[in-house]
Structures are given as structure tokens and as C-alpha cells.
Amino acid sequence: MVKHAKPKGFYDTFERKSSQGGPESETTHYCPGCGHGTVHKLIAEALEDFGIKDRTVFLSPVGCSVFAYYYFDTGNIQCSHGRAPAVGTGVIRSLDDAVVISYQGDGDLAGIGTAEIVHAANRGENMAVFFVNNAIYGMTGGQLAPTTLLGQETTTTPLGRLADREGGPIHMSEMLDALDGPAFIERTSLSNAAGVMKTRKAVRKALTNQVERRGFSFVEILSPCPVGWKLTPIQSRIWIKDNMETIFQVKRFRDREEGSRGTGRMPLMGDEELKELLGSDHGEEARKGENLETECRVKIAGFGGQGVMSAGVLLANTAIGEGLEATWLPSYGPEMRGGTANASVVISDEPVGSPVVNRPTTLLAMNGPSLDSLEDSVITGGLIVVNSSLINRKVRRDDVKVVYAPVSDMAAEAGFLKGANVVMLSLYLLEKGVPGIQTLKTVIPKSIKKKELVEVNLKLVKAAEEFHAS
Amino acid sequence: MSGNRVEVNQDLCKACRVCVETCPQHCLELGSAINALGYQAVRFDSVDCTACGMCFYVCPEPGALTVIKGEDA
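Here the protein sequences come in this chain order: A and B.
Heads up: the first sequence begins at 0 in numbering that gives the first Met the number 0, then just goes up one per residue.
Heads up: the second sequence begins at 0 in numbering that gives the first Met the number 0, then just goes up one per residue.
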């Protein structure tokens with residue numbers, strides 16, 4: 000009877016080198032005796048035993064474990080250096096049911112990503128963090144890491160780490176234990192079999208906490224880097240015992256029965272509530288069951304102060320009010336007025352993958368510089384609406400539809416120059432039909448903060464309708 | 000005889016020797032043959048195995064060791 004075999008939390012073959020065939024498609028890339036493989040195995044075993052691999056999102060860091068996505072048969076995201084807890088925050092807040100594992104080394108977690116881990120822990124973010132501490136930057140060749148011991152020789156401290164020069168080793172578990180947020184903090188060690196089994200327990204505890212939604216769990220694992228330390232795998236385990244464990248105390252720091260403070264599922268706003276909030280009864284009617292043919296990627300650009308950002312918000316809200324999916328992404332300089340600014344809005348029937356707009360389907364150009372810089376980026380067959388009050392030239396391209404409208408003059412005529420953005424937005428809706436102009440009219444009173452401006456904005460929508468009809 | 004044993008996938012072992020040092024029954028040893036990865040893979044040759052699984056857990060390679068408990072154990 001097979002008692003212990005390769006856990007099912009791993010892929011059968013590891014794609015990284017599978018094209019070459021042979022044993023390399025079934026081994027990890029880790030050096031002989033590396034602790035990562037052992038920790039991977041403990042996690043993979045728990046994923047299998049708990050039956051959670053299909054709802055697990057595994058966050059790979061930058062560092063030796065960067066390739067974890069080749070090994071774990073889960074959802075995988077490879078994160079920017081140190082940012083895994085921030086990525087995990089996004090994942091857990093949008094995928095309510097996900098089991099989030101952030102797997103990080105000491106350079107990644109305690110050096111480059113110090114801020115991310117501290118704040119995620121402080122928020123009691125619902126994730127399990129496995130912090131593999133080997134006191135060195137292993138992947139890049141053994142440089143000083145935040146957790147390097149005093150006196151430890153590395154390639155950047157050939158004479159040993161000196162407190163006066165590099166500071167002392169950072170104790171992450173102790174640091175996070177000073178915060179109110181975490182539910183579970185434990186430091187374990189891979190120095191011997193008993194330590195591995197304790198680590199196994201801690202890993203399973205952290206993942207159980209995940210399944211039970213008990214908040215932020217942090218397991219720091221003292222792990223060997225034989226190659227980086229220039230020791231044999233056996234010597235490196237002794238080195239952990241003799242050196243690391245005396246500096247980094249192996250113990251359970253915290254196990255809160257009630258979980259992280261304030262943890263619990265965050266109230267999620269459902270589509271229906273959102274629709275109600277931005278509310279429109281016209282939505283479905285206006286669309287008449289019509290779907291968007293393609294994702295609409297709109298760039299609204301102009302001077303700061305022309306209402307470019309608020310037009311973007313209004314457009315996104317109008318789309319959402321109509322039951323569509325939408326994102327809004329602002330881009331501007333440090334100045335609130337007078338600089339150039341643009342807003343990217345993506346509208347779709349489907350959830351939007353990326354809010355970034357590089358090739359807009361529509362450009363709403365509020366001023367000359369915006370048209371100059373963005374005209375060429377519009378897709379063939381796209382739409383450009385030109386604020387002819389401020390832009391004297393014509394659009395050079397002949398493969399896009401162009402509408403010229405003196406939106407600034409129209410707004411000024413209505414006695415509200417700042418409303419040029421609403422005129423521009425209205426013209427877009429009238430050109431496209433989806434989302435509908437009726438929806439905008441119901442969204443304006445709910446979306447505009449200064450209530451005394453609601454009326455004049457609705458007047459501007461009407462002016463746009465008249466212009467469009469003429 | 001218990002029939003307990005450890006199957007070593009000779010191709011996947013990187014010869015770190017951590018299992019050899021860990022096994023309380025001294026059931027594992029470094030072999031002499033060199034595998035495709037260039038390592039002298041570990042060999043299992045013993046009747047004293049208790050199938051405790053220690054070697055499995057300390058081994059950093061996912062698929063190098065499989066621990067089998069004998070039927071009559």
C-alpha cells in the first residue's frame with residue numbers, strides 16, 4: 000500500500016522543461032538539498048488532502064521560487080517583486096471563495112516587499128503567507144538579505160554582516176506579531192525531520208484557517224540554501240540549527256481562535272445593488288436586448304480642469320447603471336489644473352480584463368494636444384469626437400469616423416463652461432447608442448455631487464441631443 | 000519481514016543525502032550509479048523500514064521517493 004507518494008497538488012509533469020523530455024520534466028529546478036522543494040511538498044500534500052487545489056490561487060514571488068507556477072496544479076499568478084500580498088488582496092476581495100497562498104522568500108517579503116506584507120497583515124487580509132527565510136538572496140547569487148545574520152558572509156558582505164553598516168537581521172514574525180491584524184503566526188525550521196513535521200503542521204494550520212476564513216496566517220520557515228551558504232545539504236541543516244535558530248526563535252507566536260480582527264467576509268456589492276444605486280429603469284429598454292459587439296475602449300483627453308476625469312466616471316457609471324461592465328482608469332500629472340490628463344474607460348458585456356487602453360475604439364478629444372498625441376492610436380473604423388471650439392485643425396486620418404462639435408461653446412452658451420465634458424459624453428452616447436442617453440439622465444442626479452449643478456448638466460445633455468439631431 | 004519499502008526514482012534523485020541522514024533505521028544509502036541529472040542517486044536496501052515517511056517529508060523532490068507499507072505489517 001502506497002503510504003507516501005508525490006502529492007496530487009503538483010502537476011504530473013512540470014512544463015518548464017517538459018519539451019526536453021527526460022527526468023528534468025519531473026524534477027524541480029531547485030538545487031540539491033534546497034528547502035523550497037520540501038515546503039512545496041508540504042503545501043502540495045495539504046492541497047490534496049483538503050481538496051482545495053481547484054479553488055486555490057498560488058502567488059509566486061520573485062526569487063528562487065519564481066517558477067512555483069510550473070509545479071502547483073492550482074490557479075497561479077507570478078507577482079512583481081515583493082507585491083504578492085497586494086496581488087493576493089485583490090484576488091481574495093474579488094474571488095470570495097478563493098484560497099490564497101502567498102509564497103515568498105526573505106528578499107521578496109522582508110526586503111523589496113516590506114510595505115506590502117506589513118499592510119496586508121495589518122488588515123488581517125484573508126490569505127496564507129509562507130515565508131521561506133534562508134537569510135540570503137539565493138537566486139541572484141548569495142547577496143546580503145534583510146534576514147542575513149550578523150557576521151554572516153555573503154557576496155556583498157564578504158567580511159560578514161555588520162550591525163553598524165547593514166543593520167541587524169529583521170525578525171518578520173516578531174514584527175508582524177506587533178500588529179493587531181494577523182490570526183496566526185508561527186516560525187518553524189527545516190533543520191531536521193522533527194522541524195519538517197512541525198512545519199507540516201503549521202502549513203496545514205494556515206491552510207485550514209484559509210478554508211475557514213479566519214484571516215491572515217503567516218508561517219515563517221527557516222530553510223536551507225546549501226549553494227548560497229557554500230555548505231553541503233547536511234551541513235546547511237546543522238547551520239540552521241546552530242545559527243539561525245538561536246537568532247530566529249522557533250515558536251508559535253499567535254493562534255487566535257476568533258481569527259483576524261475584523262475578518263469576516265466583506266460585504267460585497269452585488270450587480271443588482273449597484274444597478275439600483277446608479278439606477279436606471281431605462282437601461283434594458285434602451286438596449287433592447289442589444290449587446291455590445293465589441294468591448295468599447297474610450298479615451299477621454301484634455302486639459303486638467305476640463306472635466307476629463309469626471310466625464311470618465313460618468314461614462315463608467317452610466318454603463319454600470321445599464322447593467323454593463325465598466326472600468327475607469329485616470330492618468331494625469333501632479334497638477335490639478337492646466338496639465339494634460341486623460342481617462343480610460345472600458346465598457347463590455349463581459350467582466351473587463353484590463354482597464355488599460357492603448358488602442359482606443361473612441362477618442363474624445365477636448366483639446367488640441369490630446370488630438371495630436373492620441374489621433375494615431377485610435378483603431379481603424381474607430382470614432383473621434385473633436386472639440387471644435389478649441390481644435391482648429393481637422394483629423395488627418397480617413398479611416399475613422401469623425402464628429403466635430405463645439406462642445407466648449409455649447410457649454411458656455413448654457414452658462415456653464417465646465418460642462419463641456421458632459422456635452423462631449425452625451426455626443427458619444429448618442430453616436431454609439433449603448434449605453435443609452437436616457438440612462439445618463441438618470442445617472443447624473445445620482446453621480447454628481449453638487450446637487451445644484453444637476454439641472455444645468457441635464458440642460459447640456461439636451462443641448463447635445465439637439466446638436467446631434469440637427 | 001514487514002515488506003515496508005521506499006521506492007527511489009533513480010532519475011529524479013539529486014543526491015542531497017538528507018533522507019540518508021534522516022532515516023532512523025538507516026535504510027537508505029548513496030548509490031554508485033550516476034543518473035541522467037549527474038547525481039549518484041540514493042538506494043534503498045533494507046528490511047528494517049517502518050514506512051514512517053520521514054525520508055519522504057524531508058526530501059525536497061516531489062516525486063523522488065515513494066513510501067510503501069507492506070501488506071503484512
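Be a bit skeptical, because a hint or two may be false.
Said to hold, decoys possible - List of simulated lysine-lysine pairs, DSS-like, C-alpha gap at most 30 Å:
#: 1; chain 1: A; residue 1: 7; chain 2: B; residue 2: 68
#: 2; chain 1: A; residue 1: 274; chain 2: B; residue 2: 68
#: 3; chain 1: A; residue 1: 458; chain 2: B; residue 2: 68
#: 4; chain 1: A; residue 1: 7; chain 2: A; residue 2: 274
#: 5; chain 1: B; residue 1: 68; chain 2: A; residue 2: 400
#: 6; chain 1: A; residue 1: 458; chain 2: A; residue 2: 440
#: 7; chain 1: A; residue 1: 431; chain 2: A; residue 2: 461
#: 8; chain 1: A; residue 1: 458; chain 2: A; residue 2: 400
#: 9; chain 1: A; residue 1: 274; chain 2: A; residue 2: 461
#: 10; chain 1: A; residue 1: 204; chain 2: A; residue 2: 52
#: 11; chain 1: A; residue 1: 440; chain 2: A; residue 2: 450
#: 12; chain 1: A; residue 1: 393; chain 2: A; residue 2: 461
#: 13; chain 1: A; residue 1: 431; chain 2: A; residue 2: 448
#: 14; chain 1: B; residue 1: 68; chain 2: A; residue 2: 200
#: 15; chain 1: A; residue 1: 52; chain 2: A; residue 2: 274
#: 16; chain 1: A; residue 1: 274; chain 2: A; residue 2: 204
#: 17; chain 1: A; residue 1: 417; chain 2: A; residue 2: 431
#: 18; chain 1: B; residue 1: 68; chain 2: A; residue 2: 197
Unchecked claim - Stretch by stretch, here's where chain B covers chain A in the computed footprint (C-beta under 8 Å, at least three residues):
#: 19; stretch: 4-15
#: 20; stretch: 18-28
#: 21; stretch: 32-43
#: 22; stretch: 195-206
#: 23; stretch: 424-437
Simulated from the structure, these hints should not be mistaken for lab results.
Heads up, the beta-carbon is just placed ideally off N, CA and C, and yes, glycines get one too.
Evaluated hints:
The straight-line distance between the Cα atoms of residue 7 (chain A) and residue 68 (chain B) is roughly 19 Å, inside the 30 Å bound, and the hint therefore holds. Proposed proximity of residue 274 (chain A) and residue 68 (chain B) is contradicted: the alpha carbons are some 60 Å apart, above 30 Å. Note on residue 458 (chain A) and residue 68 (chain B): the hinted pairing is violated, with a Cα-Cα distance of about 82 Å set against a maximum of 30 Å. Note on residue 7 (chain A) and residue 274 (chain A): the hinted pairing is violated, with a Cα-Cα distance of about 43 Å set against a maximum of 30 Å.
Restraint check for residue 68 (chain B) and residue 400 (chain A): not satisfied, since their Cα atoms lie roughly 74 Å apart, outside the 30 Å limit. The hinted pair formed by residue 458 (chain A) and residue 440 (chain A) meets the criterion: a straight-line CA distance of about 10 Å does not exceed 30 Å. Proximity of residue 431 (chain A) to residue 461 (chain A) is assessed by CA-CA distance (about 17 Å); at most 30 Å being required, the pair is judged to hold. Pair hint residue 458 (chain A) plus residue 400 (chain A) holds up; C-alpha atoms about 26 Å apart against a cutoff of 30 Å.
Proposed proximity of residue 274 (chain A) and residue 461 (chain A) is supported: the alpha carbons are some 24 Å apart, at most 30 Å. Only pairs whose Cα atoms come within 30 Å are accepted, and residue 204 (chain A) paired with residue 52 (chain A) is accepted, the gap being roughly 16 Å. Distance check on the hinted pair: residue 440 (chain A) and residue 450 (chain A) sit about 14 Å apart at the alpha-carbon level, within 30 Å; holds. Among the hinted pairs, residue 393 (chain A) with residue 461 (chain A) is consistent with the structure: their alpha-carbon atoms are about 26 Å apart, no more than 30 Å.
At most 30 Å may separate the alpha-carbon atoms for a hinted pair to count; residue 431 (chain A) and residue 448 (chain A) meet this at roughly 26 Å. As the CA atoms of residue 68 (chain B) and residue 200 (chain A) are separated by approximately 23 Å, the hinted pair is consistent with the 30 Å bound. For the given pair, residue 52 (chain A) sits about 34 Å from residue 274 (chain A) by alpha-carbon distance, which is inconsistent with the 30 Å threshold. The straight-line distance between the Cα atoms of residue 274 (chain A) and residue 204 (chain A) is roughly 40 Å, outside the 30 Å bound, and the hint therefore fails.
As the CA atoms of residue 417 (chain A) and residue 431 (chain A) are separated by approximately 23 Å, the hinted pair is consistent with the 30 Å bound. Only pairs whose Cα atoms come within 30 Å are accepted, and residue 68 (chain B) paired with residue 197 (chain A) is accepted, the gap being roughly 23 Å. Judged by the Cβ-Cβ criterion of 8 Å, the stretch 4-15 of chain A is covered by chain B as claimed, because 4 of its residues qualify and three suffice. With a cut-off of 8 Å between beta carbons, the stretch 18-28 of chain A has 6 residues touching chain B; three or more are needed, and the interface restraint holds.
Restraint check on the stretch 32-43 of chain A versus chain B: 10 residues with Cβ-Cβ distances below 8 Å, three needed, restraint holds. With 3 residues having a Cβ less than 8 Å from any Cβ of chain B, the stretch 195-206 of chain A passes the three-residue criterion, so the hint holds. With 0 residues carrying a beta carbon less than 8 Å from a beta carbon of chain B, the stretch 424-437 of chain A misses the three-residue requirement, and the given coverage is violated.
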